[in-house]
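Chains A and B supply the protein sequences, listed in that same order.
Each residue of the first sequence is one higher than the one before, counting from 400 in the working numbering.
Each residue of the second sequence is one higher than the one before, counting from 215 in the working numbering.
These aren't lab readings, by the way, just hints derived from the structure by calculation.
All of these numbers come straight from a predicted model, not from anything done at the bench.
Mixed in with the good hints there might be a few duds.
Taking beta-carbon pairs under 10 Å as the criterion, some of the chain B residues facing chain A (in silico) [as the list claims (entries may be wrong)]: (1) Phe-249; (2) Trp-254; (3) Gly-255; (4) Leu-257; (5) Asn-259; (6) Gly-266; (7) Gly-271; (8) Leu-285; (9) Tyr-287; (10) Phe-312.
Chain B regions said to be covered by chain A (calculated; three or more residues, Cβ under 8 Å) [what the hints assert, rightly or not]: (11) 222–231; (12) 237–248.
Here are the simulated distance ranges between beta carbons [claimed, not checked]: (13) A:Met-453 <-> B:Gly-215: 39 to 47 Å; (14) B:Asn-244 <-> A:Arg-413: 28 to 36 Å; (15) A:Glu-497 <-> B:Ile-317: 18 to 26 Å.
By construction, the Cβ of each residue, glycine as well, lies at the ideal position given by its N, Cα and C atoms.
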Amino acid sequence: DVKVTQSSRYLVKRTGEKVFLECVQDMDHENMFWYRQDPGLGLRLIYFSYDVKMKEKGDIPEGYSVSREKKERFSLILESASTNQTSMYLCASRVVNEQFFGPGTRLTVL
Amino acid sequence: GIQVEQSPPDLILQEGANSTLRCNFSDSVNNLQWFHQNPWGQLINLFYIPSGTKQNGRLSATTVATERYSLLYISSSQTTDSGVYFCAVATSYGKLTFGQGTILTVHP
Chain A
400 DVKVTQSSRY LVKRTGEKVF LECVQDMDHE NMFWYRQDPG LGLRLIYFSY DVKMKEKGDI
460 PEGYSVSREK KERFSLILES ASTNQTSMYL CASRVVNEQF FGPGTRLTVL
Chain B
215 GIQVEQSPPD LILQEGANST LRCNFSDSVN NLQWFHQNPW GQLINLFYIP SGTKQNGRLS
275 ATTVATERYS LLYISSSQTT DSGVYFCAVA TSYGKLTFGQ GTILTVHP
């Protein structure tokens with residue numbers, strides 16, 4: 400079975416903090432993705448990565464950066480968290496053409 | 215970019231009823247997936263179905279790629295089927311575009 404894990408289920412941070420969200424997959428997949436989900440706006444792609452050290456902007460990259468130093472780990476970084484980044488963050492990994500998602504991280508920025 | 219529309223937006227059923235969820239998309243796709251989002255927020259893979267028909271227990275799905283739509287059938291619904299059902303499509307590089315979802319509520 401494909402397994403995608405995320406470092407936290409719930410996270411509370413303060414405005415201006417640097418926040419790291421971690422995602423790990425155990426299937427040696429090359430492609431990994433970060434989405435955010437907001438009521439009324441659905442799921443939107445933030446960043447994705449084809450391989451180690453490679454990254455591409457998605458539809459809403461502003462305010463975020465990513466890091467992929469190892470194939471199994473894809474990190475989403477909020478350089479200076481803001482209240483409008485309060486959201487559900489979902490990581491996914493792709494095998495052939497099918498994406499599998501982690502359990503999600505509910506981030507609240509106060 | 216590609217547009218994905220799901221209908222109906224909300225669906226309320228009694229346990230045991232059947233239902234059909236629809237997904238329309240605006241361009242040719244090389245990937246189409248159906249997901250169920252559980253109450254804890256996790257997206258559970260139901261089907262990978264860029265074309266054709268598949269069945270898994272009480273669920274089945276059909277995609278008619280030439281007409282740009284997909285259908286998800288749920289038979290003999292159970293309360294555990296409640297949640298949000300998403301259709302998502304990809305055109306290139308595996309980037310999924312999601313529909314807005316159908317909120318399904320099944321009452322005992």
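Cross-check of the supplied hints:
Given the 10 Å rule on beta carbons, the hint for B:Phe-249 holds: about 8 Å separates it from the nearest Cβ of chain A. Of the supplied interface hints, the one on B:Trp-254 holds, with its beta-carbon coming within about 7 Å of a beta-carbon of chain A, less than 10 Å. This hint holds: B:Gly-255 has a C-beta 4 Å from the nearest C-beta of chain A, less than the 10 Å allowed. At its closest, the beta carbon of B:Leu-257 sits 4 Å from a beta carbon of chain A; the interface hint therefore holds under the 10 Å criterion.
Restraint check, B:Asn-259 versus chain A: the minimum CB separation of about 6 Å is within 10 Å; hint holds. Among the interface hints, the one on B:Gly-266 is violated; its C-beta lies about 14 Å from the nearest C-beta in chain A, farther than the 10 Å criterion. This hint is violated: B:Gly-271 has a C-beta 17 Å from the nearest C-beta of chain A, more than the 10 Å allowed. The interface hint given for B:Leu-285 is broken, as the beta carbon of that residue sits about 19 Å from the closest beta carbon of chain A, more than 10 Å.
With a least beta-carbon distance of about 20 Å to chain A, the hint placing B:Tyr-287 at the interface is violated under the 10 Å criterion. Below 10 Å, beta-carbon pairs count as interface contacts, and B:Phe-312 has one with chain A at about 4 Å; its hint therefore holds. Interface restraint, the region 222–231 of chain B with chain A: violated (0 residues with C-beta to C-beta distance below 8 Å; minimum three). Coverage of the region 237–248 of chain B by chain A holds [criterion: at least 3 residues with CB-CB distance below 8 Å; count 3].
At roughly 22 Å, the beta carbons of A:Met-453 and B:Gly-215 sit outside the given window of 39 to 47 Å. The hinted range of 28 to 36 Å is not satisfied by B:Asn-244 and A:Arg-413, whose Cβ atoms lie roughly 43 Å apart. The beta-carbon spacing between A:Glu-497 and B:Ile-317, approximately 24 Å, falls within the hinted interval of 18 to 26 Å.
Checked against the numbered hints given earlier, the structure breaks hints 6, 7, 8, 9, 11, 13 and 14 and satisfies all the rest.
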